[in-house]
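Trainee: Sequence:
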Amino acid sequence: MLYGQSTHSIDNKNRIMIPTKFRDDLGKSFMITKGIDGNLSAYPMAEWEAFMAQLTPQKNAPPEVIRYKRFFMANAEPVEMDKQGRILIPSHLASFAQLTDSVVSVGMKDYLEIWSKERWDAYENGSEDMYELAQKVAEYGL
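Numbering (my numbering), first residue to last: 248 to 389.
Read the hints as simulated data drawn from the structure, not as lab findings.
Mixed in with the good hints there might be a few duds.
Only pairs whose alpha carbons sit at most 30 Å apart, straight line, appear in this in silico DSSO-like list of lysine-lysine [said to hold, decoys possible]: (1) K260 - K364; (2) K275 - K383; (3) K383 - K281; (4) K330 - K356; (5) K306 - K364; (6) K268 - K356.
All chains, full assembly: derive it from the sequences and hints.
Mentor: Below you can see the structure in the form of structure tokens.
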């Protein structure tokens, strides 16, 4: 299970170190794609396959379903950790997520988010009141 967060650097070759606490759950090879908040999402292969199964639309799917699937599929790339636990972030994904100096890896139970430090800080500082958020998610039984 992926949980917690870790701040680390990205080098000039777009490589980041996957924190030790996330490595076993991600596996040596995994998928990385755009995330919906301007971040990246990294999925263990089994989770990626389950996610893709959910996104497989029926024939004549609404355009929104097709666009949603395309957002993830068109930008997905397989990555593999080297012996030092580093992965190479494809340049189009690093650019999308504005990864420069520092990155924050955030465990989301079954996948990992990778944020630029600046975007993560802005997200945390701009997050809505947790009391209001708790009330909203309670409507979904959480």
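Trainee: Tell me, which hint numbers fail for this structure?
Mentor: 2 and 5
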